[in-house]
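Hey, can you work out the whole structure from these sequences and the hints?
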Amino acid sequence: MANEKAIMDAPFLEVRDLVVEYTSDEEVIHALNGISFVLRKGRTLGLAGETGAGKTTIAKSILRILPERSAFIKGGEVLLEGQDLLKLSEDKMQKLRGEKIAMIFQDPMTALNPVLTVGKQIAEAIKLHYNIRKKEAKEQAIQMLEMVGINGERFGDYPHQFSGGMKQRVVIAMALACRPELILADEPTTALDVTIQMQVLDMIRRLRDELNTSMILITHDFGVVAEVCDDVAVVYAGEIIESGSVEEIFDNPSHPYTQGLFGSIPRIGMDIERLSPISGLPPNPVNLPKGCYFSPRCPKATDECKGDPIAMVELTPGHFCRCCHIEEGR
Amino acid sequence: MWRYILKRLLWMIPVLLGVTWLIFTLLYFVPGDPAYTILGPTATEGDLQAMRETLGLTDGYFTRLFRYLGDVILRFDFGKSYVGGTSVTAEIMSRLPNTLILCLGCMLLSVIVGIPLGINAAVHQGGLWDSGSMLIALAGVSMPPFWVGLLLVLVFSLRLGWLPSVGYAGITYFILPWISNSFQGLALQARQTRSGMLEVLSSDYITTARAKGMSKRQVIFGHALPNALIPVITVAGTSLGNMLGGTVVIESLFAIPGVGSYMITGVNGRDYPVVMASVIILALLFAIIMLLVDLLYAAVDPRIKAQYSAKRRVRG
Amino acid sequence: MKRLFKNKSAMAGLIVLVVIILLSLLAPIIAPYGYADIDIPNMFSSPSGQHLFGTDHMGRDIFSRILYGGRASLQIGILSSLTALVGALIIGSVAGYFGGTTDNIMMRILDVIQAMPGFLLSVTLSAVLGNGLYQTIVALSIGNLATSARIMRGSVMTIRKSEYIDAATADNTNRFDIIRKHILPNAFSPMIVQATMGCARAILTAATLSFIGLGVQPPTPEWGAMLSEGRSYIRDYPYIITVPGIAIMLTVLALNLLGDGLRDALDPKQKR
Chain D
1 MANEKAIMDA PFLEVRDLVV EYTSDEEVIH ALNGISFVLR KGRTLGLAGE TGAGKTTIAK
61 SILRILPERS AFIKGGEVLL EGQDLLKLSE DKMQKLRGEK IAMIFQDPMT ALNPVLTVGK
121 QIAEAIKLHY NIRKKEAKEQ AIQMLEMVGI NGERFGDYPH QFSGGMKQRV VIAMALACRP
181 ELILADEPTT ALDVTIQMQV LDMIRRLRDE LNTSMILITH DFGVVAEVCD DVAVVYAGEI
241 IESGSVEEIF DNPSHPYTQG LFGSIPRIGM DIERLSPISG LPPNPVNLPK GCYFSPRCPK
301 ATDECKGDPI AMVELTPGHF CRCCHIEEGR
Chain Z
1001 MWRYILKRLL WMIPVLLGVT WLIFTLLYFV PGDPAYTILG PTATEGDLQA MRETLGLTDG
1061 YFTRLFRYLG DVILRFDFGK SYVGGTSVTA EIMSRLPNTL ILCLGCMLLS VIVGIPLGIN
1121 AAVHQGGLWD SGSMLIALAG VSMPPFWVGL LLVLVFSLRL GWLPSVGYAG ITYFILPWIS
1181 NSFQGLALQA RQTRSGMLEV LSSDYITTAR AKGMSKRQVI FGHALPNALI PVITVAGTSL
1241 GNMLGGTVVI ESLFAIPGVG SYMITGVNGR DYPVVMASVI ILALLFAIIM LLVDLLYAAV
1301 DPRIKAQYSA KRRVRG
Chain W
2001 MKRLFKNKSA MAGLIVLVVI ILLSLLAPII APYGYADIDI PNMFSSPSGQ HLFGTDHMGR
2061 DIFSRILYGG RASLQIGILS SLTALVGALI IGSVAGYFGG TTDNIMMRIL DVIQAMPGFL
2121 LSVTLSAVLG NGLYQTIVAL SIGNLATSAR IMRGSVMTIR KSEYIDAATA DNTNRFDIIR
2181 KHILPNAFSP MIVQATMGCA RAILTAATLS FIGLGVQPPT PEWGAMLSEG RSYIRDYPYI
2241 ITVPGIAIML TVLALNLLGD GLRDALDPKQ KR
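Chains as they are written, first to last, in my numbering: chain D, 1 to 330; chain Z, 1001 to 1316; chain W, 2001 to 2272.
The hints are simulated quantities; they were obtained by calculation from the structure and are not laboratory data.
Quantities reported herein were computed from a predicted structural model and do not represent experimental measurements.
Idealized CB from N, CA, C, for every residue including glycine.
Fair warning: there could be bad hints in the mix.
Only some residues are given here: those of chain W computed to face chain Z with a beta carbon under 10 angstroms [stated by the list, open to error]:
hint, residue
1, Arg2108
2, Leu2121
3, Ser2126
4, Thr2205
5, Gly2213
6, Ile2248
7, Leu2253
8, Asn2256
Okay, derived cross-link-like pairs now, DSSO-like style, lysine-lysine, Cα gap no bigger than 27 angstroms in a straight line [as the list claims (entries may be wrong)]:
hint, chain 1, residue 1, chain 2, residue 2
9, D, Lys134, Z, Lys1216
10, D, Lys95, Z, Lys1216
11, D, Lys120, Z, Lys1216
12, D, Lys92, Z, Lys1216
13, D, Lys127, D, Lys100
14, D, Lys87, Z, Lys1216
15, Z, Lys1216, D, Lys138
16, Z, Lys1216, D, Lys135
Here is the structure:
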């Protein structure tokens, strides 16, 4: 009994202590400083945080598509169904990309190649992984277009002939073409108009449910997290500072940063005079502060926070927080 | 697409007319007496006057202009050379093949060697290939083609005796001229391709392509290159124009009888019909090359193609 | 600007350029011989203590001729590119700012000028204007002017449409003031790059013109002319053509490096 439960509960994707650095102009940027999280099959994990916190870097590290010359995965493990992706050969990694793991990119304006037709770009994704004839790939690509709500006849159109929202749908079609088991969606709706955002989010949710895909959704918008995600992990300065289920985090945000984020969102029915944004700016990734990275901005910071690195604490089952003042944080 | 081609072809006409007019007008105002050039110091004033009338020099500006335009356009007659009275048209026609061989060879060479060099440098950015080829490219852009020619002649002709230095009796005679004239263009293409590629390689759609599972090689040739070629083609036009101008000097240097060397002879001998004809023919060649480059550009970039195709544009 | 100074190759180019300019300016002082001092008995002597680069077919000291030759080349390069710059600024701003028919006419004229390959234009203009230093400067300015004017016009048109110009116009500022105070400063940077590259091109073209017998005439020494004169003797005395050529190459190279550096420093997006 225990064995079966263990197997069923074994995480689909587990990231352990991922450390990534970038070099730029002879400076070292500490982008990821020990990221660890778990994603179970069929669940959607939201990675939330400010711009520059390292969320996109996490996704690109999983796929190993970081810029070769400037990025360096210094340490950690990325276990997909038990297998460490960081140790795989490039050949094997290429087979996984697009087929088992797919990524939806943030800016639809630049994510598509302007000189190739959209149909060709989708078909290409299919042909890379399945040995089928051109005609079949074309048919499947047309199917994908229809699935995301675009007329299949537009197979031969070029990206510039589509609006932003439709371009993003093409990007989604391209990502889902090979029915991946894991989708990494990097702020898929941020670059779109508000009215289109909901449409695209709905579509993503629908497709995810249809294909039973696991998903990591990167966003800085907690509204999106609430709509689509099952679990959420808050990223700050390359670290996960709080994680848990969406219900738990929304009900009991425990880290001062998370609390600050919720405090700065206007909510209907709230009777306050001013929003309370978090003061200060995120730390410089070249020169991170000692101890807790958030301490310079934290209203509850004490000397204890500025010494040794803070460890993750499990508050309630599944709800983790990286802060030493949790009891007072409620 | 065809509308675009037609439009461009029609555009060539006024431009070439403009060039012809420009040349004619410029040379009209050059001091000097062609009659004197032809007859020499022993001629009497009467003889000179008679010659001027024969040459039509005594007529007014517009008469002469339209007569010349008429001759050239309607009868393809560029007149007679002041030196020897030979038919300029005939001479140009016999020299044209040599110029074409030289030109086309240089262009092909600069593209076939320059572009791969640039791609390679961009892909191996920061490595030895990159620094090495860019160093050579920098030198190439700074060395005057005629000097390259002289050095090549020094080494390969005079010292090693491998290749001939003057004349045009066979393909080997074109090798040194080809290399000399294309070196600068080649260097420029390499540099341009490299910077184009580098810019493209940092684009988002390249990351998308990799995320789909494409190998580096597939990404470079399937996605990066088509986009990088766009700025390269744009620059190629000017570069080819420079090479066309360079043929003038290279032909003189290597004693290849082409339109370029004909022009130089004309300039030095104040033989204006020759100069005018040579310039017009070379400008025509240039215009054709630019047209082809523009067409190529439109073929590669679908955004330009779309502007000129009849297909209805759909906005989603 | 700081970015420019950090760029090692651009700085190297600048230093080399300054050295060359200094040497040319000081030519009358440092040259051991006059550039026209003929010394037939000593002709074709190899580089030695007496003659740093040897002597040519007339016994003239090559080193001195190189120094004086620099003056011609640099004068042509700098003056023609400056003239082209000023001309382009004026024509480009007027065409770009006023648009419409003015722009159309100017662009058609530029079209015709640019329909001829650059070198051909220079040769023709040389033929028309005659040979000599100042004629060559004028001839070379015109070709450069055409390309630069177009670029300037492009910048002006882009800037003209931006909002701060609307603000100035709403303010009732005089049109010429707008051009002078707002448009010019912003469109200026690419023009500087153009001028530097144009200077390099001009020096190459001037050398080529002298090589074929146009442009600067003897006895004024010019690097291209030296190559032309030495042509017949390269079999036995190769140094006659190596030195002037290297001089041309170094000067043009320095200008190119400087131009590249300027372009990189002024364009924030570029990643080299």
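Now for the hints, and whether the structure bears them out:
no., hint, in the structure
1, Arg2108, "8 angstroms, holds"
2, Leu2121, "8 angstroms, holds"
3, Ser2126, "8 angstroms, holds"
4, Thr2205, "9 angstroms, holds"
5, Gly2213, "6 angstroms, holds"
6, Ile2248, "6 angstroms, holds"
7, Leu2253, "4 angstroms, holds"
8, Asn2256, "6 angstroms, holds"
9, D:Lys134 with Z:Lys1216, "22 angstroms, holds"
10, D:Lys95 with Z:Lys1216, "13 angstroms, holds"
11, D:Lys120 with Z:Lys1216, "18 angstroms, holds"
12, D:Lys92 with Z:Lys1216, "14 angstroms, holds"
13, D:Lys127 with D:Lys100, "14 angstroms, holds"
14, D:Lys87 with Z:Lys1216, "19 angstroms, holds"
15, Z:Lys1216 with D:Lys138, "24 angstroms, holds"
16, Z:Lys1216 with D:Lys135, "25 angstroms, holds"
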